[in-house]
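Guided by the hints, dock chains R, W and L onto chain H, whose structure is given.
4 protein chains.
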Amino acid sequence: MSDSTTTIADLKDRVRTFVDERDWQRFHTPKNLAMSVAIEAAELMEVFQWVESADAPARAEDQRTALEDEMADVCCYLLSLANAAGVDLSAAVQRKLQKNAAKYPAAEYRGRFE
Amino acid sequence: MSDSTTTIADLKDRVRTFVDERDWQRFHTPKNLAMSVAIEAAELMEVFQWVESADAPARAEDQRTALEDEMADVCCYLLSLANAAGVDLSAAVQRKLQKNAAKYPAAEYRGRFE
Amino acid sequence: MSDSTTTIADLKDRVRTFVDERDWQRFHTPKNLAMSVAIEAAELMEVFQWVESADAPARAEDQRTALEDEMADVCCYLLSLANAAGVDLSAAVQRKLQKNAAKYPAAEYRGRFE
Amino acid sequence: MSDSTTTIADLKDRVRTFVDERDWQRFHTPKNLAMSVAIEAAELMEVFQWVESADAPARAEDQRTALEDEMADVCCYLLSLANAAGVDLSAAVQRKLQKNAAKYPAAEYRGRFE
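Protein chains in written order, with the numbering used here: chain H, 12 to 125; chain R, 12 to 125; chain W, 12 to 125; chain L, 12 to 125.
Isolated chain H, as found in the complex (with noise of 0.2 Å):
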C-alpha cells in the first residue's frame, strides 16, 4: 500500500471500517472530530518542537516513527470528520487550490508570500 496507488476513497474506507467496527460513529461527530484533528496537529507540533534544526525530525531515526504517527493521526480524523460530514477531500482540495492560485498568482508571489 503506498500513496502512488491509494486512492483518498480507499484510506476513507479503511477509517471508516475501522469506526463501525468499534461502533464509535456516535462519539465522531464533526465537531468531535474537528477538535481531534486539532489536537493531533498540537501533538504532531510537539514533535517538533524544542529541536534545533527544523527538518531534524524528519532525518533523525527515532523520532522517524514519532513524526510518521502523528501525520496518520491527524490523517485519519481529517478522513473520518470527512465520512461524517460527507465531504469529497480530493475536490475540496482542488477548489482550495484554485482559490489560493488567484489570491497568490505565482509570477507576483515568487519567493514571497505577502
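Treat the hints as calculated values from the structure; they're not laboratory data. Hints may be right or wrong, so weigh each one.
Since the list gives no way to pick one copy over another, a pair counts as held whenever it fits inside one copy or between any two copies.
Computed list of lysine to aspartate or glutamate pairs in EDC-like fashion (alpha-carbon distance at most 16 Å, straight line) [to be verified]: (1) 110 / 57; (2) 110 / 80; (3) 114 / 80; (4) 110 / 21; (5) 114 / 21; (6) 114 / 57; (7) 107 / 34; (8) 110 / 72.
Keep in mind that this is a model prediction, so the values were computed, not measured.
Structure of chains R, W and L alone, referenced to chain H:
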C-alpha cells in the same frame, strides 16, 4: 476529480506544483508546516465553535464552504509536510491503524474507548 | 497563595525563577513559547474531548486535577512568553477588553454574538 | 493598570463582567472555553509563523500589537474558564510548578530538558 479516482500521490503532486511555482519550498520547512497544520486545524475547529448542534456546519449551506475550505487547508499542509519530509502517508496510516487495532481490539472496545 | 492576593507580576516572577534556575531561557524563544502555549491548549482541550456533558471535567473529581494542571501549563507558558517578550499582560487584557467592548456593544449583543 | 498591581482576581472580575453584561455565560461552557483557548493560541502562534527570527514579532512595532492582542485573547478565555469551572489559577500554577520542579530538578536539568 473525486476521492474515488484520486490517489494520495496525485494530491501530493498538485500541492508540490503549487509550492514549486511560487518558490515557497524554503519557507516550507517541516517545523513550519507542522505549525501550519495546527493553525489550520484550529480554523477548522472554529467552524464548529459556537454552534448549537455538533453537526450543524456539515448541514448549513453557508457554512459548508467554510468547512470544506478549512479541511482542504489542513490537508494541503499535511501533504506538503509529507512531500518535505518524504513520508508515504498511505503506508503511515495503514501502520497506525494496525497499531490502534492492537491497542483497541474491536471485541473489547465496541461502543466505548476507555 | 490565591487569586485574590496574587498579582500577575508575582506569577511571572515564579515562572521566571523556574526557568532561570534551569538555564532554559535560550530554549524559551517567543516562537517556541507560542508553540508551547498552543500545545498545552490542545492538551487542555483533550480533557473535554469525549465527555458527554460540556462541564463534566469541572465536576468529576478525577478529572479536576487534569483540568487544573493543563490550565496551569497554558498559564505558565503564556507568562513565560510575557517575560521573554516584555509584555504587560494586565495592560494587554485591559486594552483588548476595551476593543472587544467597542466591537460588541453590550446593548446590541446581549445573548448573541453574531 | 499593570502586572505589578493587578491580581488574578482583578482580571477574572473584569472578564466576568464583560461576559455577564452580554449574557454570554450560556455559551461559555468549559468545553467551549477550552476550544476557545486553543483557537486563540493558534492565532497567537500565527504571529510567529513565517518570521525569520524567533523573536522578531516581539520587536517589530507593527506586529507588537498583534502579539499583545492574541496573548490577551488567550488570557481572557483562560480566565473565563477559571471563572466557569471555579478554578483558583494561582494555586493551580503554584502546584504545577512544584510538580515540575520535582520532575525536573534544577541541578540535573540545567541547560537541558531531556
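Consistency of the hints with the structure:
1. 110 / 57: Neither: 30 Å inside a copy, 20 Å across copies.
2. 110 / 80: between (30 Å within a copy, 10 Å between copies)
3. 114 / 80: between (33 Å within a copy, 14 Å between copies)
4. 110 / 21: Cα proximity of residue 110 and residue 21: none, with 27 Å in one copy and 18 Å across.
5. 114 / 21: neither (32 Å within a copy, 22 Å between copies)
6. 114 / 57: Intra 31 Å, inter 19 Å, cutoff 16 Å: neither.
7. 107 / 34: Neither: 33 Å inside a copy, 19 Å across copies.
8. 110 / 72: Neither. Shortest intra-copy (37 Å) and inter-copy (19 Å) distances fail the 16 Å Cα cut-off.
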